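Chains A and B, in that order, give the protein sequences.
Residue numbering for the first sequence is 1 to 184, as defined by the working numbering.
Residue numbering for the second sequence is 1 to 425, as defined by the working numbering.
Some hints here could point you the wrong way.
[Unchecked claim] Output of the computed footprint for chain B on chain A, the stretches with three or more beta carbons under 8 Å from beta carbons of chain B:
1. 26-38
2. 49-55
3. 58-69
Read the hints as simulated data drawn from the structure, not as lab findings.
Computed from a predicted model, the values in this text were never measured in an experiment.
Each residue gets a CB set at the ideal place from its N, CA and C atoms; glycine is no exception.
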Amino acid sequence: MKRFKDSLKERIALLRLQQGDSEAFGFIYETYVRQIYRYIYFRISDESAAHDLVQEVFLQTWQYVADRNKIDRIQSFLYKVAYRKVVDHYRTRERQASLIETIEDDGSYAVAPDHKELEVHFLRQHIKKLKQEYQDVIVLRHIESLSIREIADIVGKEPNNVRVSLHRAMESLRKEMESRETHS
Amino acid sequence: MRSLHHTFHQIHELSEMNLDQRTVMLGKHRILAEISRRQEARRRERVRLGDAVALWGLRVMRRFIPQRQLVFGLLIIIMLSSSTRFIAQASVPGDFLWPVKLTFEKAEVAFAVSSVHEGRVHIRHVDSRLRELSIMVSQPESPQKSENISQLVRRLERDITAASHSLKISKEEQKNTAPQAVAALAKDLTTKASEAVQALEENKNSLSTVEPEAVTKSLSSIALSTSTDPLVLSSEFALLGSEATSTGENIEAESQEEKRNLAQVIVEVQIVNEYISYTALEAMIEMVERRGSGNRAEVTALLQNRILEQRGRVSDIEKITTLVSNDFLLHKFQTQQLVRDAHRLLDTAEDFVALDNLSVSLAKLSEAKNVISRAAQLLQEVHAAGGIFEEEPVKQQKSALDSGSEVTAQTVQHVEGSVDASVSE
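Generate coordinates for the entire structure from the input sequences, incorporating the hints supplied.
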């Protein structure tokens, strides 16, 4: 019931946004900014750049609506824009390798991390070693909890292809984790 | 696998993955401020409806507006052509722009919408030639002058012939053309041809020093080309026999000539009569009688003049008949008979003029014309067979031809006498 109510609110906000109501956009921002930030930050591992990209994602969305373009589902649209921003970010600045390196180098914490943080840290390291395509589907599916259909819409592929990619991505991640454990 | 999912879920709980409320609100205000700024900028940039329409209009019109260079080029071409034409108007033969002027004239003729209009264009060109002639005559003597004048005279001849041709065509098309327009054209052509003849006659001395034969030839040519219309007969006859015409006063001058080319007179009478058609006169008579318009007295005078001219031709034929050898008695007799018929018809025509019945008078005049043509044809045959004594001057008839009005009766008597004498022989 709560989900339906949220969905209705989101729908009304989108309609008001399409009428040019900036307050409605504030509501949408508050609703989705955390998810978008988490996705971007997880993918680029740079807090400052993540904040900038989040601002760009929301501004681009507003511009899209202000240009009288229609949006059916605001959440999918925001993720789609964020996905492209991340791709552009890696493509233009070529930071992928350096970031992975940074994370690897940054393996030791200044203060001793607890077990939970350590697990997450290693998981991120393993994910970062995967192909970009696998990283995207794993993050969107298992961290952002989006459906296969929504992921397919965001990355611009067929749902079946996304399923296959996700399966292969998980296999790769598992192998990566096992090999690390064996190595250690 | 289960632990992997658990680890994924733990990511949500990491502090670095979550934004605190303050950061969210700060980001929200920042982005709303940016949106507000952009909205304001869009509002300023937004084009009003009127401006949008004007812009659209400009965009569309820009496609139709030719390039500046093209417009300038066209303007220059137009200015050059119009100024060239204007300058060429003042040119005379020998000038380098005279051919340009003739080209423009050709173009004018090409754009004429009807034969009447074409005739008018030709008349305008004749006028232009006459102006050029007056300029050329007043020019100082130069080696090129004679050549240029002969070129001009040839051109004048061509223009008058062309005008006459256009008149002939417009007569044939008369069913589709207003007879008044044809009559007016004929009248204008007559006037212009008279002016041309007058100009050539006036300047004959200066022209003859250049090329006398060419000028004489041109006079004859102009006469023949304009002889298709009765309105120009007076000038035509004055030309055809520039030394020998048939009207009263000229007969005397003619008879004083030592020699006279009889064949020429015969052929001329025959050709001229064949060329003559009284269409324009008929149109004028129709206007006078049926519509009551026009000057009746003028038309009557014109008709009388035509009758008088035919009488002159009959007199010519009559005189030449007296010179026919007795070896051609049959021809002689037939010619005399035709001459008598012609006189009778002309008398009838005069009677109808007196009765104020101009159309019947014109019909009689046309019949007389045909009879005279036949007589001239007979004489031509006799002359071709050498049956005319060219040695005998016309002086024998001089006394009989003294007076124009008494020509007919006296000549008829004389001819009859000659025929009787021949028969008795």
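Structure-based check of each hint:
{"no.": "1", "hint": "26-38", "in the structure": "holds (count 7)"}
{"no.": "2", "hint": "49-55", "in the structure": "holds (count 3)"}
{"no.": "3", "hint": "58-69", "in the structure": "holds (count 5)"}
Violated hints for the displayed structure: none, as all numbered hints are satisfied.
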